[in-house]
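Q: Next come the chains, spelled out residue by residue.
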Amino acid sequence: MTTPLLEGRDLKVSYPVRGFRRKPIEIVHGVNFSVAPGETLGIVGESGSGKTTIGRAILGLALVTGGTVNFDGRDISHLGGAARRALAKDIQVVFQDPYSSLNPSLTIGETLAEPLIVQGWDKQAATKRVLELLDRVGLPKNAAARLPREFSGGQRQRVAIARALAPEPRLIVCDEPVSALDLSTQAKVMELLLDIQREMGVAYIFVSHDLAVVRHISHRVGVVYKGEIVEQGPVREVTTHPENPYTQRLLLAAPIADPLLQEKRRADRARLRQTQHNQDVQAGAA
Amino acid sequence: MTSTPSDSTVVQPSETDGEEVRKGALARLVRDPQAVITGSILILMIIAGLLANVIAQHDPNEANLYVVNAPPGTEGYPLGADQAGRDILARLLHSINTAVVSALIGASVALTIGTAFGLVGGYFERLRGVTEWTFTLIMTFPGILLLILLMPLTGGDYRATMLVFGVLLSPGIYRIVRNMTVGVSRELYVDAAKVSGVTSSRILRRHVLSVVRGPIVIATAFLCGTAISTQAGLAFLGVGSLSIPSFGAMISEGFRNIGLAPTQYLWPALTLGVMNACIVLFGNALRDTLQGAQPKAQKIAVAKLVDGFEADAESEDTPALLSIRDLGIAYPSPSGALNEVVRGVSLDLKPGETVGLVGESGSGKTQTAFGVLGVLPNEAIVTRGSVRIDGTEILGAPESTLRKLRGDAIAYVPQEPMSNLDPVYTVGSQLVEGIRVATGLSKREAKSRALELLERVGIPDPRRTFDSYPHEISGGMAQRVLIAGAVATEPKILIADEPTTALDVTVQADILDLLRDLQQEMGMGIILVTHNFGVVADICSRICVMKEGEVVETGEAIDVFANPQHEYTTMLLNAILDEDTVRTDPPVSVGKPTEGASR
Amino acid sequence: MLIYSARRLASGFVLFILVAFITYWLLSFSFDSVIAVRLGASATPETIAAVRADYGLDRPVVVQYVDWLTGVFQGDLGRSFYTQEPVADAIPPRLFVTLSIVVPALIIATIIAVFLGTFAASRGGGADKAAQGIMLFGYLVPNLLIAILLTVVLAINLGWLPATGYVRFGDDPSGWLKSITIPVIALFIGGAANIANQVRGTMIDELRKDYVRTLRTRGVSARTIVYKHALRNAAGPALTVFGLTFINMFGGALIIEQVFALPGFGTFSFNSALQGDFPVLMGLTVFGVGMTVSVNLLTDLANGWLNPKARIYS
Numbered sequence: 001m002t003t004p005l006l007e008g009r010d011l012k013v014s015y016p017v018r019g020f021r022r023k024p025i026e027i028v029h030g031v032n033f034s035v036a037p038g039e040t041l042g043i044v045g046e047s048g049s050g051k052t053t054i055g056r057a058i059l060g061l062a063l064v065t066g067g068t069v070n071f072d073g074r075d076i077s078h079l080g081g082a083a084r085r086a087l088a089k090d091i092q093v094v095f096q097d098p099y100s101s102l103n104p105s106l107t108i109g110e111t112l113a114e115p116l117i118v119q120g121w122d123k124q125a126a127t128k129r130v131l132e133l134l135d136r137v138g139l140p141k142n143a144a145a146r147l148p149r150e151f152s153g154g155q156r157q158r159v160a161i162a163r164a165l166a167p168e169p170r171l172i173v174c175d176e177p178v179s180a181l182d183l184s185t186q187a188k189v190m191e192l193l194l195d196i197q198r199e200m201g202v203a204y205i206f207v208s209h210d211l212a213v214v215r216h217i218s219h220r221v222g223v224v225y226k227g228e229i230v231e232q233g234p235v236r237e238v239t240t241h242p243e244n245p246y247t248q249r250l251l252l253a254a255p256i257a258d259p260l261l262q263e264k265r266r267a268d269r270a271r272l273r274q275t276q277h278n279q280d281v282q283a284g285a286a
Numbered sequence: 001m002t003s004t005p006s007d008s009t010v011v012q013p014s015e016t017d018g019e020e021v022r023k024g025a026l027a028r029l030v031r032d033p034q035a036v037i038t039g040s041i042l043i044l045m046i047i048a049g050l051l052a053n054v055i056a057q058h059d060p061n062e063a064n065l066y067v068v069n070a071p072p073g074t075e076g077y078p079l080g081a082d083q084a085g086r087d088i089l090a091r092l093l094h095s096i097n098t099a100v101v102s103a104l105i106g107a108s109v110a111l112t113i114g115t116a117f118g119l120v121g122g123y124f125e126r127l128r129g130v131t132e133w134t135f136t137l138i139m140t141f142p143g144i145l146l147l148i149l150l151m152p153l154t155g156g157d158y159r160a161t162m163l164v165f166g167v168l169l170s171p172g173i174y175r176i177v178r179n180m181t182v183g184v185s186r187e188l189y190v191d192a193a194k195v196s197g198v199t200s201s202r203i204l205r206r207h208v209l210s211v212v213r214g215p216i217v218i219a220t221a222f223l224c225g226t227a228i229s230t231q232a233g234l235a236f237l238g239v240g241s242l243s244i245p246s247f248g249a250m251i252s253e254g255f256r257n258i259g260l261a262p263t264q265y266l267w268p269a270l271t272l273g274v275m276n277a278c279i280v281l282f283g284n285a286l287r288d289t290l291q292g293a294q295p296k297a298q299k300i301a302v303a304k305l306v307d308g309f310e311a312d313a314e315s316e317d318t319p320a321l322l323s324i325r326d327l328g329i330a331y332p333s334p335s336g337a338l339n340e341v342v343r344g345v346s347l348d349l350k351p352g353e354t355v356g357l358v359g360e361s362g363s364g365k366t367q368t369a370f371g372v373l374g375v376l377p378n379e380a381i382v383t384r385g386s387v388r389i390d391g392t393e394i395l396g397a398p399e400s401t402l403r404k405l406r407g408d409a410i411a412y413v414p415q416e417p418m419s420n421l422d423p424v425y426t427v428g429s430q431l432v433e434g435i436r437v438a439t440g441l442s443k444r445e446a447k448s449r450a451l452e453l454l455e456r457v458g459i460p461d462p463r464r465t466f467d468s469y470p471h472e473i474s475g476g477m478a479q480r481v482l483i484a485g486a487v488a489t490e491p492k493i494l495i496a497d498e499p500t501t502a503l504d505v506t507v508q509a510d511i512l513d514l515l516r517d518l519q520q521e522m523g524m525g526i527i528l529v530t531h532n533f534g535v536v537a538d539i540c541s542r543i544c545v546m547k548e549g550e551v552v553e554t555g556e557a558i559d560v561f562a563n564p565q566h567e568y569t570t571m572l573l574n575a576i577l578d579e580d581t582v583r584t585d586p587p588v589s590v591g592k593p594t595e596g597a598s599r
Numbered sequence: 001m002l003i004y005s006a007r008r009l010a011s012g013f014v015l016f017i018l019v020a021f022i023t024y025w026l027l028s029f030s031f032d033s034v035i036a037v038r039l040g041a042s043a044t045p046e047t048i049a050a051v052r053a054d055y056g057l058d059r060p061v062v063v064q065y066v067d068w069l070t071g072v073f074q075g076d077l078g079r080s081f082y083t084q085e086p087v088a089d090a091i092p093p094r095l096f097v098t099l100s101i102v103v104p105a106l107i108i109a110t111i112i113a114v115f116l117g118t119f120a121a122s123r124g125g126g127a128d129k130a131a132q133g134i135m136l137f138g139y140l141v142p143n144l145l146i147a148i149l150l151t152v153v154l155a156i157n158l159g160w161l162p163a164t165g166y167v168r169f170g171d172d173p174s175g176w177l178k179s180i181t182i183p184v185i186a187l188f189i190g191g192a193a194n195i196a197n198q199v200r201g202t203m204i205d206e207l208r209k210d211y212v213r214t215l216r217t218r219g220v221s222a223r224t225i226v227y228k229h230a231l232r233n234a235a236g237p238a239l240t241v242f243g244l245t246f247i248n249m250f251g252g253a254l255i256i257e258q259v260f261a262l263p264g265f266g267t268f269s270f271n272s273a274l275q276g277d278f279p280v281l282m283g284l285t286v287f288g289v290g291m292t293v294s295v296n297l298l299t300d301l302a303n304g305w306l307n308p309k310a311r312i313y314s
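These protein sequence lines are chains P, W and L, in that order.
Under my numbering, think of the first position of the first sequence as 1, with each following residue one higher.
Under my numbering, think of the first position of the second sequence as 1, with each following residue one higher.
Under my numbering, think of the first position of the third sequence as 1, with each following residue one higher.
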């Protein structure tokens, strides 16, 4: 296996609490993970599990209180100011909410040019690059002069992807990028993300609550539960033969879009619950 | 293009405040008669003040004993003279200047301090504690009292006084700017900018200031008004130099002389009144153009019907529990024309069955559900059709009929559990209220019924939950509470609007199990609104697929999944990510291999 | 709830100490000029310095302030430079006069505002338009003008009420009532408009919320939803305005007093400020700030009681 592009070691992330001398609340309790160049690591978990926080810690948007995040072998978990900003050309982000992630008062062109301009591109080169990017994500050239509100959720998410691609990063953190989209739009945006990866070799950290989505896009998967990665491995193994009890529950809880198969899954889930319940009782008795 | 057209219907007018919008705003302001009239009056007043020495023939402080209390129309004294024999017109015009200078000083000091600290306090969380404290401190000063108390310091000079007053006004601006800045800095686009390597100062300039600008402009108009009337009040008291003409001083003198020469009081009072009114009205017009019209009142009432509406008279007696026929619901567009979002939906529900109302966002599925419940928003208008619950037509029925049905025959489970509980009352008291309204049980009986229900919906410690406030319980628990409230009266029909969308998958499965059990127990018919085909497959016996306000396909769930008839249904089913597809292609690495490599 | 109250109390206390200090510090710049005015022709730098030393005003400001503050906690606010009357005795009767117009005005304003705001928010249509018109009028006209207009019409032209002067409640209750009627009316109009507008806005926001719809589907009546649920939720934001309105009204009262020649807080402040009567000015600061701090405290506590979340998070 190649050397990892990004590696988290015993990473602890906390949420600062307002007020004098109050201790931050730890949300992620020491997780280990790694992503190779061109690979997708899926991070799946439920709300409040800490999956989004892991993504934000990688991006330098959350308070790391322990462990390291190594990018290219260098610890980036406590970078500040200019050193952090310099990383912008390597690590980028696509957020969940396509409405809040674009400034409503800037045109699409201005939004896309901003990361380039702060890195010292001149205006003409930036404009040219913006048009390339729009083309790459399947939006018309005249989109550059328009405001976000003229676009649908799916189109805005394409803009967000274009913004992330602008500096040709090596890693993009995707935080639930398709959760807010309708079913038909979701599939197309996923297809775009896959194409881009195959073509450019960018690595993804793909955070989602939806197992089906993660299964579709990830090479490897980590399952987060209460701030810990409880199971991690190649996508096929984790999603077909999970070992961790929580992963098993998660897998059987997701309904299949087929009445007959779902009826069977429901029965499986009821059986699993009974088994796990019995185990808990035994463990309690022991 | 890539997404469904219905996607683009989402408009968020409150967020619009950019360069382009502002150009539009100015154009709109010029078209608003209220803004044009008040604005012109203000400009005329300011011009008159600037030309004071040209218009009036006397110095405002020049006393002439021959014209003491001269009536209006006296030669050289068009508005008369006061008790010291000074030209009232000259004094009035110079008073305008005093007022304008007061407004300028007061407003600019308040703006500068308020905006600067608001941005800093709003954006840098670590500094917020300090700024918050400081401005609470300033706000607690009783302003006018302090200005009076500080007279020994300011010497009564109105400019120095207004300087201090500007500081006292700054908390208002600070609060606006700080709130908006906090709001903006939580927006994901600010996070995205940070990740893109944008510096804090650039983020403040480019992303924050553009949003804050509008509200500041509006607040400034009102600040000017406050500064002018405060200055007038202080001058009325006698704070300030006697040689500076001002509205307050003139009113005070005129008031003392009111028996002899009532018009002396009238002129300054009228001018001050008109000036103040113009500023407030102009500020209101400004707010309407920059922020859109003020929110409309919310009347709790049955949905409006289109003119000449008549429920479709249906001769045949349908055995259905709920029968919807050709239902149409519309919203007025800005131009006034009606825009139908539900276009002729028909649907039947039998006891004990679950019908899935499926569609993407904007398909009209939730509007249909609200229409059946009779809780459409104020703006909605029912255009056609018929909705019968147990044989009773509800379109056009009075609220009292609907209220009886709601307590008894039909109930509702919402999408977002937290926002559907009243935050200031305990969970228990909200349940008890619903039960008592519907059944007329005593408080004690209602309480024991509520506890039974909480237990029934699988809440581990019903007593504790009963006494909890909504924010003290989890989303899954809150949804169970809402289900308990809905089934409290054993309704015949349950309308569940995306009841599991806001919940985690594992909780979703539990809630679906609960709904299934309750249905078997009570024999309810359920309409389940959802976009999730997994949920449909799990619980629905029949499916109604909606697209752009119309039902495109109805059928038994098994049949529709196996053999969809409409192409839209087929497209949706194909878009579902397959259970069996797992990513198999290995990672490719063709990106920037090393630093400094040429591209 | 207890901790919440204690925290609020402590923060109010610190606020009071700070505000008093800033006032003291600002006033200390004017000591020389005030003394010079008092001494009149005999004022020379030497005599001024002597008087300063006499009063202990030549020490560092912080020392003076701590000294003064110690006195305050012992109930001693010093004596007036001019009348030698103890400040602690001189202020309360004047404060009472001012409060006797502010408090009724605030109560009337609140009752009218809650009714008007709720009415406007939950009725809509013509009722809403009319209510908004009334509110706008309250905003438009400065209360100084209202006061004078009312005096001219009700007192001078019609002679129904006395134009000026104050009758002590103990002397003649009905006379007292008559003497405060016009000032109270002049004062409450602006305040009512302000609170009503706030109530209307927050009520509309509340009535749009999801829980209102859910309550409707349970068969709860519109009246219960508006008054029991939405109004109580809207009370929090309205309370903040209530506190600010009190401070505004108090400031307005200082001016209104002058119109009606009421011997209140404002008249006293104004005269003392003209004379540079330093101990009295500081005493007035103590009462003025103490009062606003306690009103803020009360609104905070009321908010904590109304809103269960505030008890935990603030």
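Honestly, I wouldn't trust all of these hints.
On the chain W side, residues computed to face chain L include the following (Cβ under 8 Å) [claimed, not checked]: (1) 149; (2) 150; (3) 276; (4) 375; (5) 407; (6) 412; (7) 466; (8) 473; (9) 502; (10) 505; (11) 507.
Derived list of chain P stretches under chain W, where covered just means 3 residues or more per stretch with a C-beta under 8 Å from a C-beta of chain W [to be verified]: (12) 30 to 42; (13) 224 to 232.
Hint data in this document are derived by calculation from the structure and do not stem from the laboratory.
Model, not experiment: these values are computed from the prediction.
Where is the CB? At the ideal position from N, CA and C, for every residue including glycine.
Q: All hints, please: hold or fail.
A: Structure-based check of each hint:
Among the interface hints, the one on residue 149 of chain W holds; its C-beta lies about 5 Å from the nearest C-beta in chain L, closer than the 8 Å criterion. For residue 150 of chain W, the suggested interface contact is upheld, since its CB lies about 6 Å from the closest CB of chain L, less than 8 Å. For residue 276 of chain W, the interface hint holds, the least distance from its beta-carbon to any beta-carbon of chain L being 6 Å, beneath 8 Å. Given the 8 Å rule on beta carbons, the hint for residue 375 of chain W holds: about 5 Å separates it from the nearest Cβ of chain L.
The beta carbon of residue 407 of chain W comes within 3 Å of a beta carbon in chain L, closer than 8 Å, and the hint placing it at the interface holds. Because the closest C-beta pair between residue 412 of chain W and chain L is about 4 Å apart, less than 8 Å, the hint holds. Hint on residue 466 of chain W is violated. Least Cβ distance to chain L is approximately 15 Å, over the 8 Å limit. Interface hint status for residue 473 of chain W: violated, as the beta-carbon distance to the closest one in chain L is roughly 12 Å, over 8 Å.
For residue 502 of chain W, the suggested interface contact is broken, since its CB lies about 11 Å from the closest CB of chain L, more than 8 Å. Against a cut-off of 8 Å between C-beta atoms, the interface hint on residue 505 of chain W is violated, since the closest Cβ of chain L lies about 23 Å away. Annotation: residue 507 of chain W was flagged as interfacial toward chain L, and the flag is violated, the nearest CB pair being 19 Å apart, outside 8 Å. Counting residues of the stretch 30 to 42 of chain P whose C-beta sits closer than 8 Å to any C-beta of chain W gives 5, which meets the bar of three, so the coverage hint holds.
Counting residues of the stretch 224 to 232 of chain P whose C-beta sits closer than 8 Å to any C-beta of chain W gives 0, which falls short of three, so the coverage hint is violated.
In terms of the numbered hints stated before, the structure departs from hints 7, 8, 9, 10, 11, 13, listed from lowest to highest.
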